[in-house]
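2 protein chains.
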Amino acid sequence: MGRAATLERNAAGIETAIGILKQRFGDRLQTGGSVREQHGHTTTWIENQSPDAVIFATSTEEVAAIVATCAAHKVPVIPFGTGTSLEGHVNAPAGGVCIDLGQMNRILAVNEGDLDCIVQPGVTREQLNTHLRDKGLFFPIDPGANASLGGMAATRASGTNAVRYGTMKDNVLSLEAVMPDGRIIRTGHRAKKSSAGYDLTRLLIGAEGTLGVITQLTLRLHGIPEAITAARCSFPSVDAACQAVMATIQYGVPVARIELLDQLSVRAANAYSGLDLPETPLLLLEFHGSDAGAAEQAETFGDIADEFGGTGFAATATVEERNKLWQARHDMYWASLQLRPGARGISTDVCVPISRLAECVTAAQDKAAELGLLAPVVGHVGDGNFHTLLLIDIDNPDEVAKAEDFVGWLNDLAISMEGTCTGEHGIGQGKKPYLVRELGSAVDCMRAIKAALDPHDIMNPGKIV
Amino acid sequence: MGRAATLERNAAGIETAIGILKQRFGDRLQTGGSVREQHGHTTTWIENQSPDAVIFATSTEEVAAIVATCAAHKVPVIPFGTGTSLEGHVNAPAGGVCIDLGQMNRILAVNEGDLDCIVQPGVTREQLNTHLRDKGLFFPIDPGANASLGGMAATRASGTNAVRYGTMKDNVLSLEAVMPDGRIIRTGHRAKKSSAGYDLTRLLIGAEGTLGVITQLTLRLHGIPEAITAARCSFPSVDAACQAVMATIQYGVPVARIELLDQLSVRAANAYSGLDLPETPLLLLEFHGSDAGAAEQAETFGDIADEFGGTGFAATATVEERNKLWQARHDMYWASLQLRPGARGISTDVCVPISRLAECVTAAQDKAAELGLLAPVVGHVGDGNFHTLLLIDIDNPDEVAKAEDFVGWLNDLAISMEGTCTGEHGIGQGKKPYLVRELGSAVDCMRAIKAALDPHDIMNPGKIV
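Chains as they are written, first to last, in our numbering: chain V, 1 to 465; chain Y, 1 to 465.
Source of the hints: derived by calculation from the structure; they are not laboratory data. Don't take every hint at face value.
[What the hints assert, rightly or not] Pairwise CB distance ranges (calculated): (1) S59/Y - T311/V: 47 to 55 Å; (2) A292/V - L108/Y: 48 to 56 Å; (3) R24/V - S416/Y: 45 to 53 Å; (4) H131/V - R106/Y: 22 to 30 Å; (5) S441/V - D444/Y: 37 to 45 Å; (6) A363/V - R106/Y: 46 to 54 Å; (7) S441/V - P278/Y: 44 to 52 Å; (8) N323/V - E126/Y: 41 to 49 Å; (9) R133/Y - D393/V: 52 to 60 Å; (10) E112/V - A227/Y: 24 to 32 Å; (11) E307/V - A314/Y: 38 to 46 Å; (12) E61/V - S59/Y: 50 to 58 Å.
[What the hints assert, rightly or not] Which chain Y residues stay away from chain V? Per the calculated CB distances, all over 10 Å, these: (13) G33; (14) K367; (15) L435.
Where is the CB? At the ideal position from N, CA and C, for every residue including glycine.
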């Protein structure tokens, strides 16, 4: 533990600011212990650091007013979506005011002809896709959790569809944000591309709320493909599965999803989701296109899988079967925890050039075995990104120490392979030392930007830099 | 004219810095009038503002040394690729030292298995694609000019293929750059995605050299498609052509190129490139995919074109025919100038949501006619981006004034349509007032970032902010 350092508290400023804000927000400002705790970090092994107050905001103007008040009294502001982040992003190491954006959940416009929409930050990806379904459109980024779109932008989320559709950075056209001084800015409008000045859109995406609060998102949408075919294929080893992935990507198959489950993960999925998959490494795939196009992709993949010893390659016959398979994939976190009831799950998030993927996953499996850690692997392997979920007894200092060793070792391995310590989860509190190892003095430039835009370090302090 | 304001010169500092740099660089530092003039702005109507010296750098370390020396003496540094930018980006309004990166033109690595490569900034897109051809790979961004990849990143360039492959922001994995204090940073490595801190890659892309000098680029590559089919189709009006484009994009056809030439542009192309196209608005297209996939796309487009009165839809039969068509498209700037020999061409660059495209192009044509300006239109219309090329007698103040009115009017119209004044050319000196109209107080955030990273405003001063 101890992965969440405590920062100095401005107790007087916090008290004053909360007093002022209470007058405006009344019951929408809450200071009860359980509400505060729910708005600190509640996943993984990073300890909970609660804010002093939680305000349920309903408009950009309210967010601006909260930030301006906090700025005047140098009080931390922590934006909160659904709390599904994994690296302590919503913790309040110096206390302060959490802005819960969950009530800012309106879909403000869907421009079907332009394949874009404008949403408030509390809209979740499932809410948006349900709204879009009848229009034949969808938003592709799917990190698994039913996260808020504001939070997904803040952590530069991606997930299973990123191999084809990119990450949040590729699917946000522009943002509205409240900056650390309370000013409301727009980073762009609805043009599909722009060369108009510094890319503040991409600067805020992945800034984890440390540079401002995202209050509105203009998102790119995609037409629901004519054909969606899911498929699965078993492999004799993780190495063989990864080789098949590498060949598929290198061959240029525009696969929409290509997910790895190692043997342990398949066992967990079978038990948790009532499946009957062969207990060997598995790839789950999805092909999007015209009827002919999706069939052609599946056929090409089938040929590649053959070469690497793939067996049981089967396209799903029905939408129900497809949904069941992907639901099982999305439930992997919960399924894996059942491999060791009572254990805490610690997820790594390295991403490496795809030519190093097989080597990196295999090394991670060997290392976990060597340390005696139970560690199922799942991965968005088309992007070279995979998660080793360490299942540890958080009260056993020896296991915790081994898990910390493993995380550090794997992050360093990925960095040495020209990869990154985080493909999609972000830095938060947990990965700060690795960011410096990965990017060196570039982190000083990040610090300079942070200091320029947020001189009193009030926006989500203690994260990234 | 007068679109290039002069800034205060630090004459003593410049003299001192050049003296120091001359000692190190000898004949690679040049101060002759013609070399200096060639390294100022030489296109469009913005006046040439030459640097005091030009240094032909050969390594990142040399660039760092030049910047460090200039930083010590508060002397402007202007990075230079091929000089094909259009908004005064390479001008030296306060004098200073131009770093010509043309000799840093080595392709350092091609990682075929990872679909990426590492290049120096002076490598041009044609040089890279020639190098890649035998490997079955290509780099898709094609702004027309054979620009340097460093310059293309600096202006967030795009061009004809962007509708399918995105812009420079989507095709650069990471950068090495020399920052304004002479420090060398890396913004990332070779992972296909990353959530590791602020997106400095995207911050430098489109910063037009105002935040640092790009000294190395890690680029995403794509496999050369199995099938590339070009096609053309004539339309009774610009409106009909735009309607067909809108329907094609909305239908989700993954067209690789979809370019508009209005009637005047077709006339120019016929004359300049020896073509025999019907003199009505024309769409030029390219479809990438498998044999079956490209054919299916072409067929779908053919059906859509029919609906909007398209005629003469024909796929090119041979590579030669395809190359001839695209060469004609790339030569449009020169071809258009021949519509009025001796005239200067002033290109607008607005980009609007595609649902507003027909309306915006038609309004631009009407406005040009109303002002009596000869103004052929070409456009990357799949992205909602088009260029009106005003052909004016630069010595006729009345025409220049009308052109200025037109540019301002069109930029304001695009902004009012939730678009942008620049889809791909950038802000430079020419569009600074429009940036403020478009993004308001977000420009103050850009200024704060600029001041934080470059407190003495030495990096390409007078551009963007």
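The hints, checked one at a time:
no., hint, verdict
1, S59/Y - T311/V: 47 to 55 Å, "52 Å, holds"
2, A292/V - L108/Y: 48 to 56 Å, "40 Å, violated"
3, R24/V - S416/Y: 45 to 53 Å, "35 Å, violated"
4, H131/V - R106/Y: 22 to 30 Å, "51 Å, violated"
5, S441/V - D444/Y: 37 to 45 Å, "27 Å, violated"
6, A363/V - R106/Y: 46 to 54 Å, "32 Å, violated"
7, S441/V - P278/Y: 44 to 52 Å, "59 Å, violated"
8, N323/V - E126/Y: 41 to 49 Å, "48 Å, holds"
9, R133/Y - D393/V: 52 to 60 Å, "56 Å, holds"
10, E112/V - A227/Y: 24 to 32 Å, "30 Å, holds"
11, E307/V - A314/Y: 38 to 46 Å, "40 Å, holds"
12, E61/V - S59/Y: 50 to 58 Å, "52 Å, holds"
13, G33, "31 Å, holds"
14, K367, "20 Å, holds"
15, L435, "5 Å, violated"
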